[in-house]
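Novice: Chains as they are written, first to last, in this note's numbering: chain A, 1 to 195; chain B, 196 to 374.
Keep in mind that the hints were calculated from the coordinates and are not lab data.
In silico DSS-like pairs for lysine-lysine, Cα to Cα no more than 25 Å straight-line:
#1 Lys86/A <-> Lys270/B
#2 Lys355/B <-> Lys86/A
#3 Lys187/A <-> Lys84/A
#4 Lys249/B <-> Lys342/B
#5 Lys84/A <-> Lys174/A
#6 Lys160/A <-> Lys187/A
#7 Lys190/A <-> Lys71/A
#8 Lys160/A <-> Lys32/A
#9 Lys270/B <-> Lys360/B
#10 Lys86/A <-> Lys174/A
#11 Lys32/A <-> Lys190/A
#12 Lys32/A <-> Lys270/B
#13 Lys270/B <-> Lys84/A
#14 Lys84/A <-> Lys355/B
#15 Lys160/A <-> Lys190/A
Non-contacting residues of chain B with respect to chain A, defined by C-beta distances greater than 12 Å in every case (computed):
#16 Lys249
#17 Gly253
#18 Phe302
Just so it is clear, CB atoms sit at the ideal spot from N, CA and C, and this is done for glycine as well.
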Amino acid sequence: MRIRMQYLIAAQTLCGVLLGTLLATPAFGIGKPYPGPYVENDDLLMVLIPHTPEQMAAFYEARGFPEEAIKLISDACFVTVHIKNKSRRVIWLETVNWRFSSNNQPLQRLGSNYWNTRWDEIKLPLANRATFGWTQLPVQRDLQPDEPVGGNIVFEGNLKTFNLDARFLTGANKRGGMLDINFQNIKCPKEEPRP
Amino acid sequence: MKTALSHYLPACLLILISLPAFTETLPPGVMRINGTTAPELQLNNLDGEPYDLKATQGHWRFVHFWASWCGPCRKEMPSIERMIAALGDNELEIVLINTAETEDEVFTFLGIVAPELVPLMDRDGQVTEVWQPRGLPATYLVDPAGKIQYQALGGRTWEKPVYLKFLRGLNQLESQPGQ
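Sequences and hints are given; from them, build the entire structure.
Specialist: Given below as structure tokens:
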């Protein structure tokens, strides 16, 4: 859908300057303003919130997901990503420009193809599929000024830690420069052993 | 000279009159969209009564997608209820669509958060899929001819004056001073 921000036409026209590559590193404030590792600068806020298998199972169980689906979900590592465009220009969320790694090796996410195959196998009802879909991070979004986006990214459950190098293009025509955000040593939390 | 003036003056006046349309100021988080035709929307509401968006042509429609598990939706729903109360009878049709939840989930949630609202039930989420919102919550403003003219990004505080004025303005039903 072609979208136009009426009140930003002038600002976006003037905003054709190259921004340069901004390398941000995670900041961990003493007061912990967000529930996970985050990067915040003048352009965007990005927060990663890793979840335990118990947390994810509880969430989807409460939405009526069948046991087979809960098992698959519990076997994976879910990290909720929250991003907000704090700038006055478009910032492009395109996960194709994100690089995940673990132990210096590229790391693949369990993306929509993986989940659709699993859901086909267990004949997951459409309503559950829809809910699962809406809880995943979109693969692409032209984030408008002040627009938030959120959703889960998922990995194999045996993953312990990972790094993320996320690149964002900016400007309505993607020619406004790049933002590079780096997260290191993000942990996939496991269930605490029961006493 | 006189001929040229009389030739160009109406054109200049027309441009001046049209200027406000090009400098439209929208409330925060509301985007103008290029008037795409709204997809089909035929659902039953929570009470089982059928609804068809096409049957309400001739009015502006506030089409809102939400789910009770979505944090911003939970925050926004009471604001929508207050917005409806504040707007009164201004011919803005409010269409709330719950995405892929059960009657029990919706009934329990709205009973606590916004008991006056009766949403449409997109039980399998397929109507929402067709509309393809940018995320949940999502609000579209559909004009009387059935074209989507505006979209709101994420949750909004609809009961605030800036949004009420904008929504009333859709029907040129500006409120009385002091209201």
